[in-house]
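Participant: Here is how the chains run, residue by residue.
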Amino acid sequence: MKSLTRYLTFNVPARMDFVNITGEVDAAVRDSGVMEGLCLVNSMHITSSVFINDDESGLHADYKTWLEDLAPHDPKRYRHNLTGEDNADAHHKRQIMGREVVVAITKGRLDFGTWERIFYGEFDGRRKKRVLVKIIGE
Amino acid sequence: MKSLTRYLTFNVPARMDFVNITGEVDAAVRDSGVMEGLCLVNSMHITSSVFINDDESGLHADYKTWLEDLAPHDPKRYRHNLTGEDNADAHHKRQIMGREVVVAITKGRLDFGTWERIFYGEFDGRRKKRVLVKIIGE
Amino acid sequence: MKSLTRYLTFNVPARMDFVNITGEVDAAVRDSGVMEGLCLVNSMHITSSVFINDDESGLHADYKTWLEDLAPHDPKRYRHNLTGEDNADAHHKRQIMGREVVVAITKGRLDFGTWERIFYGEFDGRRKKRVLVKIIGE
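Chains as they are written, first to last, in my numbering: chain W, 1 to 138; chain R, 1001 to 1138; chain D, 2001 to 2138.
Take the hints with a grain of salt, since some may be wrong.
[As the list claims (entries may be wrong)] No farther apart than 35 Å at their CA atoms in a straight line, the calculated lysine-lysine pairs in the DSBU-like style are these:
#, chain 1, residue 1, chain 2, residue 2
1, D, Lys2002, D, Lys2128
2, W, Lys64, W, Lys128
3, D, Lys2064, W, Lys64
4, R, Lys1064, D, Lys2002
5, W, Lys76, W, Lys107
6, R, Lys1076, R, Lys1002
7, D, Lys2107, R, Lys1002
8, W, Lys2, R, Lys1107
9, D, Lys2064, D, Lys2128
10, D, Lys2107, W, Lys128
11, W, Lys107, R, Lys1002
12, R, Lys1128, W, Lys107
13, D, Lys2107, R, Lys1107
14, R, Lys1107, D, Lys2076
15, R, Lys1064, W, Lys64
16, W, Lys2, W, Lys107
Don't read these hints as lab results, they were simulated from the structure.
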């Protein structure tokens, strides 16, 4: 069995935004030498997500509006914010969008449908965050 | 390490519906010869889901009502639809229900609780879609 | 390839609550002897979740309020409840919070960010439930 572990680092200048990380994950798959296996990609933080969807700016704007409606950034709304934080909304948004994706590796490549792209979803940005890529297989 | 890759094809006649695919995934596990391992099942599209829940028609009707309430199919509501699409709602519904499931294989079978069943969740149907089953283990 | 399968049992006294199970999963990883691999942790039931977030009681209270707002426990609201059940809301809450997590194992330990903790999320408690931990790697 082969394995590869890689940490990607982000510092997103906005409070909420989405970053296409497909290229970085694809490079890790190639570097691993794994031909058949699984690739886990997860946020190492609890106020951000890794998810797969379309790389279309209108859709990303829609997601931001929708998530803000489902879990508004309102520092007075949440008990979590009594701890001195103001990011309770980010913990909620992350649950909608998910922590991680697991992607198949087939013949040495990410086994993706036509429009699948991997995104880092930031909901409490303006600070350093990390994403883990873990690959196992043969 | 053994592995198996299989593509399932669907053409769901409704815009939104749920299809029990447990039998197809179970057959792939048996064909793989894997006794201990992991089985990934994911939609290869960004407007549909793979999820695990109950095979009960009342619950599925409830899910449809709920998802339509959380992300209505309204072509004028979303910026994504300015690109000529009318399926922005499907991209949102898919995030609630998820892209993929990972299931344990123990003693050559899906290691499931009593009521766990795997579903393909379609939110933009009436066209050909694919699901990937990837199995690794020994 | 090494593997380990472990079943954790819970009987949560409240209808909805969150239990930190990081210690149990960590013990399973150590017992497996796997140094590099993947660890799947999933609910074996369709009215409960396994998810990763912060171990902060205010946030957990916020989650309960939010989930109750998104999918209220109202026995008359759902068609599923016509089957004699009263837990349709729990099937909905579980989809928001997710069924499973997949965690990387690196150098024999859960490869976690500073604040990541694994929770069992119960939405239809006061009965025996099971969580599956499946580890594969080398």
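Participant: Work down the list of hints and note, for each, if the structure agrees.
Facilitator: Here is how each hint holds up against the structure:
Simply put, Lys2002 (chain D) and Lys2128 (chain D) have alpha-carbon atoms about 30 Å apart, close enough for the 35 Å limit, and the pair holds. For the suggested pair Lys64 (chain W) and Lys128 (chain W), the alpha carbons sit about 21 Å apart, so the restraint of at most 35 Å is met. Of the supplied pair hints, the one linking Lys2064 (chain D) and Lys64 (chain W) holds, its CA atoms being roughly 23 Å apart against a limit of 35 Å. Pair hint Lys1064 (chain R) plus Lys2002 (chain D) does not hold up; C-alpha atoms about 41 Å apart against a cutoff of 35 Å.
At most 35 Å may separate the alpha-carbon atoms for a hinted pair to count; Lys76 (chain W) and Lys107 (chain W) exceed this at roughly 51 Å. Between the alpha carbons of Lys1076 (chain R) and Lys1002 (chain R) the distance comes to roughly 49 Å, so the proposed pair goes past 35 Å and is violated. Distance check on the hinted pair: Lys2107 (chain D) and Lys1002 (chain R) sit about 23 Å apart at the alpha-carbon level, within 35 Å; holds. For the hint linking Lys2 (chain W) to Lys1107 (chain R), the alpha-carbon distance of about 23 Å falls within 35 Å, and the restraint holds.
Under the criterion of a C-alpha separation no larger than 35 Å, the hint pairing Lys2064 (chain D) with Lys2128 (chain D) is consistent with the structure, at around 21 Å. With a C-alpha separation of about 24 Å, the suggested pair Lys2107 (chain D) and Lys128 (chain W) falls inside the 35 Å cut-off, and the hint holds. Between Lys107 (chain W) and Lys1002 (chain R), the direct Cα distance comes to roughly 14 Å. Compliance with the 35 Å bound is thereby established for this hinted pair. Our distance criterion of 35 Å between C-alpha atoms is met by Lys1128 (chain R) and Lys107 (chain W), whose separation comes to about 24 Å.
At most 35 Å may separate the alpha-carbon atoms for a hinted pair to count; Lys2107 (chain D) and Lys1107 (chain R) meet this at roughly 27 Å. As the CA atoms of Lys1107 (chain R) and Lys2076 (chain D) are separated by approximately 42 Å, the hinted pair breaks the 35 Å bound. For the proposed pair Lys1064 (chain R) and Lys64 (chain W), the alpha carbon gap of about 23 Å is at most 35 Å, so the pair holds. Under the criterion of a C-alpha separation no larger than 35 Å, the hint pairing Lys2 (chain W) with Lys107 (chain W) is consistent with the structure, at around 14 Å.
When the structure is compared with the earlier hints, violations turn up for hints 4, 5, 6, 14 and for no others.
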